[in-house]
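Chains as they are written, first to last, in the numbering used here: chain W, 1 to 331; chain R, 332 to 662; chain D, 663 to 993; chain H, 994 to 1324.
Hints were generated in silico from the structure; no laboratory data involved. Any given hint could be a false lead.
As the list claims (entries may be wrong) - With a Cα cut of at most 25 Å, we get these calculated SDA-like pairs of lysine to any residue:
| hint | chain 1 | residue 1 | chain 2 | residue 2 |
| --- | --- | --- | --- | --- |
| 1 | W | 87 | H | 1322 |
| 2 | W | 328 | W | 273 |
| 3 | D | 990 | W | 163 |
| 4 | W | 96 | R | 519 |
| 5 | D | 990 | W | 275 |
| 6 | D | 758 | H | 1214 |
| 7 | W | 328 | D | 847 |
| 8 | W | 96 | H | 1063 |
| 9 | D | 954 | H | 1102 |
| 10 | D | 825 | D | 713 |
| 11 | D | 825 | H | 1214 |
| 12 | W | 151 | R | 391 |
| 13 | W | 163 | R | 558 |
| 14 | H | 1178 | R | 369 |
| 15 | D | 850 | H | 1274 |
| 16 | H | 1181 | R | 362 |
| 17 | W | 33 | D | 990 |
| 18 | H | 1181 | D | 944 |
| 19 | H | 1089 | D | 921 |
| 20 | D | 990 | D | 919 |
| 21 | H | 1321 | R | 362 |
Number of protein chains: 4
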Amino acid sequence: MNSFGVIFRVSIFGESHGPAIGINIDGCPPGIKVEPEDFMNDLRRRQSGSTGTTKRREPDLPEILSGVFNGITTGAPITIMTRNSDKISSDYDEFKEVPRPGHADFVARQKYSGFSDMRGSGHFSGRITWGLVAAGVIGKKIAASAEISAKLISAGGMTDIEKAVNEAIATNDSIGGIIECRISKPPKAIGEPFFYSFESAVSHLVFSIPAIKGIEFGIGFAAASMRGSRHNDPFIDSNGTTSTNNAGGINGGITNGNEIVFRVVVKPTSSTGVDQTTFNFTEGNMTTLRVKGRHDTCIALRMPVIVEAVTAIAMADLILIDRGIHHKRKG
Amino acid sequence: MNSFGVIFRVSIFGESHGPAIGINIDGCPPGIKVEPEDFMNDLRRRQSGSTGTTKRREPDLPEILSGVFNGITTGAPITIMTRNSDKISSDYDEFKEVPRPGHADFVARQKYSGFSDMRGSGHFSGRITWGLVAAGVIGKKIAASAEISAKLISAGGMTDIEKAVNEAIATNDSIGGIIECRISKPPKAIGEPFFYSFESAVSHLVFSIPAIKGIEFGIGFAAASMRGSRHNDPFIDSNGTTSTNNAGGINGGITNGNEIVFRVVVKPTSSTGVDQTTFNFTEGNMTTLRVKGRHDTCIALRMPVIVEAVTAIAMADLILIDRGIHHKRKG
Amino acid sequence: MNSFGVIFRVSIFGESHGPAIGINIDGCPPGIKVEPEDFMNDLRRRQSGSTGTTKRREPDLPEILSGVFNGITTGAPITIMTRNSDKISSDYDEFKEVPRPGHADFVARQKYSGFSDMRGSGHFSGRITWGLVAAGVIGKKIAASAEISAKLISAGGMTDIEKAVNEAIATNDSIGGIIECRISKPPKAIGEPFFYSFESAVSHLVFSIPAIKGIEFGIGFAAASMRGSRHNDPFIDSNGTTSTNNAGGINGGITNGNEIVFRVVVKPTSSTGVDQTTFNFTEGNMTTLRVKGRHDTCIALRMPVIVEAVTAIAMADLILIDRGIHHKRKG
Amino acid sequence: MNSFGVIFRVSIFGESHGPAIGINIDGCPPGIKVEPEDFMNDLRRRQSGSTGTTKRREPDLPEILSGVFNGITTGAPITIMTRNSDKISSDYDEFKEVPRPGHADFVARQKYSGFSDMRGSGHFSGRITWGLVAAGVIGKKIAASAEISAKLISAGGMTDIEKAVNEAIATNDSIGGIIECRISKPPKAIGEPFFYSFESAVSHLVFSIPAIKGIEFGIGFAAASMRGSRHNDPFIDSNGTTSTNNAGGINGGITNGNEIVFRVVVKPTSSTGVDQTTFNFTEGNMTTLRVKGRHDTCIALRMPVIVEAVTAIAMADLILIDRGIHHKRKG
């Protein structure tokens, strides 16, 4: 199930060490300006390079294979890909017998009967999210009025993220983090109950991103400790502006026009430089594994732009559906 | 978008004060025993009646309109419905001009251009979840080996839930809560990356349930503060059993055979007996609203069975997809 | 797979002798007037009663369970059903061992492992098309500018249809026919290449109707004998009007604004009063079967309105998709 | 809507004169042998070169970008593409003001507001069917037991096809034809009523192929002139073998195990070397157009393999769905 969306549909493909990775985007309206350079800012934000990220370097230049002509979308499906390079596949050989704890090695072998290409974690690699970011650039153009901005607000339990990363590096370990996404000037009234609420669409895509294990909208889990009279956001004008925003801009699965706010948790990178006790499936006994290769100390550093991208993809789909059904509505 | 699922598809319908509510279930294999009484236990768990729940009483008896013959599923679509009764629609008239804070009143009017039936909150009512519970009963039969069990683990921030409810009643206010769902003996290797991970499927459905604002799998948001070497779950035998279960039974979006664990947060019921300052859209000024009618002090009390139901629906779909693609796999 | 559509989705349910048959319609815009009497004309056209149709009589009154409030669609899913009555199930007992040639008896038993409810042909019965006609009434309202009109243009190979039917009755046999559907004033530019061309959408639904075995658009099969210079329809004005209409109003899967024309073939009713040699699966030998019960001599007589209905359903979906993607287009 | 399928999903992309064309295939089971050379036979059958086909030559070598590792499918999505070459785009400039009769020029401009890339007919080009043939190769491997064979049985109304083509070439005109597809040893009991009958799935895909205007299953349109007693296919043994095959191997939308037979009609190529009277949309008056460039006299010559391909794609999807739902059925 490597596609998602009702009208604005994305189909993702590629393995970490295969020939190429990319994404196919269907249902994009014609007439939208798209130049290769439009992708560079977001793709660069996803790239490694800063402290705490892997030493694998990919130029990651996008090639647009279809759907764009003279720098404008045509209405035909858009396929964007990039070639893989800088691959060191031998790093991954031993995980066949000793699957890495926390990784997909074990489940992938079970599910795909041993046929999956697990070099560089294959189709499970965080590298596959390149295609999401590319599609997100298109999605942002469709949700043009909205300003989608995600950032890492804590790492390893600390708000001083640089300090947290340096401490983790010092112990050869990895850390996770929390990303907050805010959407100002969102389109009003998008989200399609019962089963395609704004939260449903966003969470569906968010949980496709490797390493994400939780999401909360608005005040989120803290709502469990609040009284209703405090949690409810009072309206203060005829636009539907509310004086508080505990709902995170969404009521009944539909955007109410206030800022949309949600947070996701990124687990610590599974690959660490620390010895781990685990099981050798070939020999049938416990063993010690230290994952070599090049890894991110804090993969969450690279993920805000991915969270923005899937949000934009979900919003683009919800906007086009809403326009289809409610085309007569004013505004 | 009132349907969900790839093979096992549910289509929900009905409004709180309309003639009937129900669900259509497609893709159910033939040969499964289904009697009307099979639904009663779960439907009763969803019903109101205990302290902290609304005084509206519905017999809620299910009528199976199709797809079951001689107490066995036929392979044709199953439609299950129940008539609405005990309706007092006049309670809802004033919300047209003064939309209730925290409710869907405002967004529904925006989205549906004023045409939605908002009596009893209409299609946004928690009452619509009756159909989810009915479909969940079928879903549980498909995921037969698994034991799905959800319970309310805290309310209003307290683990003594009875006390929390009584305190809220005493102040005419409402409270939320946290529900934990555990699935023991889950099927191994279900979940379809990239876009239909186990978490994606479950969260998509969970966020269709009114009042849910967050979900976390395994150790969840606490993972943000853990080191990778602690978070990773070491394998201890050839079945893939792990000594800890921070991943909540899921790696790479695929079940690993360990217990599946997730938690959701239910916001406090929006309707409370407390005066709330809000906006009168007809008069264009601030006003005070007290919601009359019959409401749940703690709607979370009635929701564990709904969380179980959507989990079972998601699992049924993932199981049938997995069988379709991987039918040759042993086990 | 008992649902169809991308935005305007129909989910059909029911068996011929079960409690009820009906349809669930999702994605219908709010604000459309729908009264129970709006259905009566089309439902009556589908009914039996005239010479050449079955003696089974069903009042077939529609009950709208959801999605319509004060005679106007709300935007929530619309469920419409009718109770089954006038059932004589004993007629069908013997087909378990001697499946009727030309019927679904044999394949249904194979596919559903003997669990399907085959009373009155169950979910395979032509009776299930009641729901299509009901949904078609809504579809026609969405495609409001278009006039969809289907009629039986030949039966048993003759254009004098009354004569053909009487001859078939005289021999206790059955006949098929050809239905032509014409859509004047169609919306221009609907149809979504590559995979959801106008022809794809219509043919998909047309072949869901029992007994239809072929479809051709425009000049259809006759095109195989024409030269391109004759087949091409020359434009004669800036609206895209063409002097001939061999394409049947569709180029490249997209409507060009000219009248849409297609024809479908209905096979003769499988059940006849004539002795047929066939196989007894219980005894393992050849036998002679005469189908008793009440049947249509020429089921095609009742089918023009069903063909109109599925056409309207397809058009409604294509219109809403087109509006979603191309909302900025003028006109 | 450039994707199709429930489990086995294909997403097509590319324009005739863009950088590349290709297809993305999702839901393919792991463990299937796929080598680049497996595609060559079918891709060559689709190529031009013989008398009556265009002089445009493309090497059309497939590049597998993902989903295949060590010559075996991995279970991850398979993307296959080929670069476009031998493009002469200037041929197509004048069609902007004088759309070619019978072509998509006019509707594409309407639908895509003038933004579509119509060089070489863009996404409407027959060239895009390359991806279908590539996916069909995979589909045939899934439907491995079945032998799918399509051939051109008449052209320009003649069964001597070579003669028909030569006559058309002599007059600079084009001709259509009729292709018959036969599937021997088909899987029994595939097809999913109500809306995904075997005929629905195949016709949906068949009408995505440019130039096809009709389809009939079994005896097809001739059924309209037959009596039921003659049309019904009598069973002659316990396997469900029938003595005649007027149903074309399908009852109630489900395969009955007999040979599957259907025919499609291909209209004459729209581009001909004959002068055509048509409309100049810029000048607003009638004009004479002669289409230059390189074209097929009889595009139907190249289409049998495409018809096989879409049949295989439909069958692969129906097989995987059937396995998912009916996994417990013997056989």
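How the hints compare with the structure:
1. 87(W) / 1322(H): violated, 45 Å
2. 328(W) / 273(W): violated, 58 Å
3. 990(D) / 163(W): Status violated; Cα separation ~50 Å.
4. 96(W) / 519(R): holds, 19 Å
5. 990(D) / 275(W): violated, 59 Å
6. 758(D) / 1214(H): Violated. Residue 758(D) to residue 1214(H) sits at ~30 Å, over the 25 Å cutoff.
7. 328(W) / 847(D): holds, 21 Å
8. 96(W) / 1063(H): holds, 16 Å
9. 954(D) / 1102(H): violated, 57 Å
10. 825(D) / 713(D): Distance of about 11 Å is within 25 Å: holds.
11. 825(D) / 1214(H): Given pair residue 825(D), residue 1214(H) holds - Cα atoms ~20 Å apart, limit 25 Å.
12. 151(W) / 391(R): This hinted pair is violated, its Cα atoms lying about 47 Å apart.
13. 163(W) / 558(R): holds, 14 Å
14. 1178(H) / 369(R): violated, 42 Å
15. 850(D) / 1274(H): Given that 25 Å is the threshold and the Cα spacing comes to 17 Å, the pair holds.
16. 1181(H) / 362(R): Since the Cα atoms of residue 1181(H) and residue 362(R) sit roughly 19 Å apart, the hinted pair holds (cutoff 25 Å).
17. 33(W) / 990(D): The given pair, whose Cα atoms are some 15 Å apart, holds under the 25 Å limit.
18. 1181(H) / 944(D): Cα-Cα ~20 Å, so holds.
19. 1089(H) / 921(D): The given pair, whose Cα atoms are some 24 Å apart, holds under the 25 Å limit.
20. 990(D) / 919(D): holds, 19 Å
21. 1321(H) / 362(R): It holds: about 10 Å lies between the C-alpha atoms, which stays within 25 Å.
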